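These protein sequence lines map, in sequence, to chains R and G. Sequential numbering of the first sequence, starting at 1, is according to the UniProt record's numbering. Sequential numbering of the second sequence, starting at 1, is according to the UniProt record's numbering.
No lab work stands behind these hints, which were simulated from the structure alone. Hints should not be assumed to be uniformly reliable.
[Unchecked claim] Pairs of lysine-lysine, BS3-like flavour, derived with a Cα cap of 25 Å:
1) G:K185 with R:K319
2) R:K242 with R:K319
3) G:K166 with G:K185
4) R:K319 with G:K104
5) R:K231 with R:K216
6) G:K101 with G:K166
7) G:K218 with R:K57
Predicted model, so just to flag it, every value in this text is computed and none were measured.
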Amino acid sequence: MSAQIEEVAADPAPRIGKGGAPPPRDAKGRVSQGVPYLLILPAAAATVLLLGWTLVKNGMLSFQNLNPRQLIQHVTEWNGVDNYTEALGSSDFWSVAGRSVVFTAANVVLIMTAGCLIGLLLARLGSKTRLLLLLGLVLAWAMPVVAATTVFQWLFAQRFGVVNYLLDSLGWHSMADYNWTSGQFSTFFVITVLIVWQSVPFVAINLYAATTTIPKELYEAASLDGAGPWKQFTSVTFPFLKPFFLATTFLEVIWVFKSFTQVFAINEGGPDRLTETLPVYAFVEGMGNQHFGMGAAISILTIVILLALTAYYLRLVLKQEEDEL
Amino acid sequence: MKRSLLGRAWPGTAAVVLFAVFAFPVYWMFATAFKANKDIVSDTPTWFPTSPTFEHFSKAVDADGFWTLVGNSLTVTLVAVALSLVIALLASFAVARMRFKGRKSFILVMMMAQMAPWEVMVIAYYMIVRDAEMLNSLLPLIAIYTVMVLPFTVLTLRGYVAAVPKELEESAMVDGCTRTQAFIKVIFPLLAPGLMATSLFGFITVWNEFPMVLILNKDPASQTLPLWLTSFRTTFGDDWGATMAASSLFAVPILILFVILQRKAVGGLTSGAVKG
């Protein structure tokens, strides 16, 4: 059975049926070895061409001195590892990289904590309040990123923004005219609120969906043993949902780390380039300042850091897939 | 006594508060879009559009090139999603139903591709598309978007195809169907929820895509709505009514689609995750 398609198993069946078909079936039998390859060919070819080739191209660009002059004259100037030594030797790169990692960690911790708490809350609600909360979550989840960004700019607008109004009326009068995008920390605050607001629904709703698959008996047994809510979570819910927690954390790390639209659209990495994360930094260096080779090198370094951050989970998944297949 | 009442009521109270927190930005977008200007620029916010107006919407719709960009966005999204569905359906069928050498590697490649940092590689895309002299064209966007949503579509549909009992297909073939006929008549209808979940995901991804079109399509006539929305915000400055109307116009198709299909999306995502 090893390298054959399962069509073989179904083959004897038609022979019992009508008689007229054997020749075409034999012809089909001969091609059938190639059928799976034919079926995956479009997907494989498209992925290799548009993703694989781009990755290679990106790597090649990162070893080139490619600026507007070379671009216009169509010359290729290899400069070895110059881009890398320059990037790794600059304090800018390291502060952006460190900022990216801290930014990702802070967002993912907030998303996972809030998402899990809300997911567990959903499981405890009555059907009406659950529907209400689900509706709110779905609205936030469905909101397109760019539209959400403009809305958050409006919520946090210096004049007539509703956030400043609320802070002012809560007694924090110095916030009445606060310019959120004037400082590094406050800009990051707005970006973080935006990302967390948009990402929590995915975690919460899927966690809730996953808890409904936990057998009730496990909780009954736990409460017979006198387990309180926290103990029930650590001894039943968490172990049962461990794969879910791992997978979701991993996805969120990837999504937050490479998030470009929110960071760029809120303030284009400003003020003074202080909110540039790695993808934005690569874009500004590469496209904005037209150091295309340098930008490519930064993007390769970004991918390396992303791989390092997710290596643990990546190894788990690949191993599991190998075992299953 | 007060305490125990609070104790019993807290999940419900928390739910209402959280609903408000999550729904408010969406509400505020629509509310502002309908408000008269004097209510938008007032020191005390007006919580409801008391005298609703459509002037902001007409301003947004009349803005330069709006309808061209709607056309561009729809073309790019629908073509890319349709292409990726067809390509993924073929591949997912092979992967779920047939054993062949290289099957494992193909799945692993799809998993890696799903995590690909597209946003990070924009410079390479710029150089490739520029060298092909196809900047400011919709074709490269369609090609890139198709491959962007392809891995998720393949991996999710694989779960759905695998969930269809093989016996159904076999009995259809006993009844004289060819394998292709069995697929079209028996399996395809059962895949409808999976196709909906994956196309919803694809639609949202492509409709929203921003970094790629930002660098590849500088010519306003070739851009898509996300870019229009950000430049609209810059052009119209502090005209929040118009900006929120524009955002509403952009968000509404997704909001409607998502609210209708969210059950399937959740089921699709988790079943994809469970069945791997």
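Pair hint K101 of chain G and K166 of chain G, alpha-carbon separation not exceeding 25 Å: holds, 21 Å
Given pair status - K319 of chain R, K185 of chain G, alpha carbons within 25 Å: Outside the cut-off at roughly 37 Å; violated.
25 Å Cα cutoff - pair K231 of chain R, K216 of chain R: holds, 15 Å
Distance restraint between K242 of chain R and K319 of chain R, which requires alpha-carbon spacing of 25 Å or less: holds, 17 Å
Given pair status - K57 of chain R, K218 of chain G, alpha carbons within 25 Å: holds, 22 Å
Given pair status - K104 of chain G, K319 of chain R, alpha carbons within 25 Å: Holds - the C-alpha atoms of K104 of chain G and K319 of chain R are around 12 Å apart, at most 25 Å.
Restraint check for K166 of chain G with K185 of chain G, where alpha carbons must lie at most 25 Å apart: holds, 14 Å
This entry does not satisfy hint 1, going by the numbered hints stated previously; all others are met.
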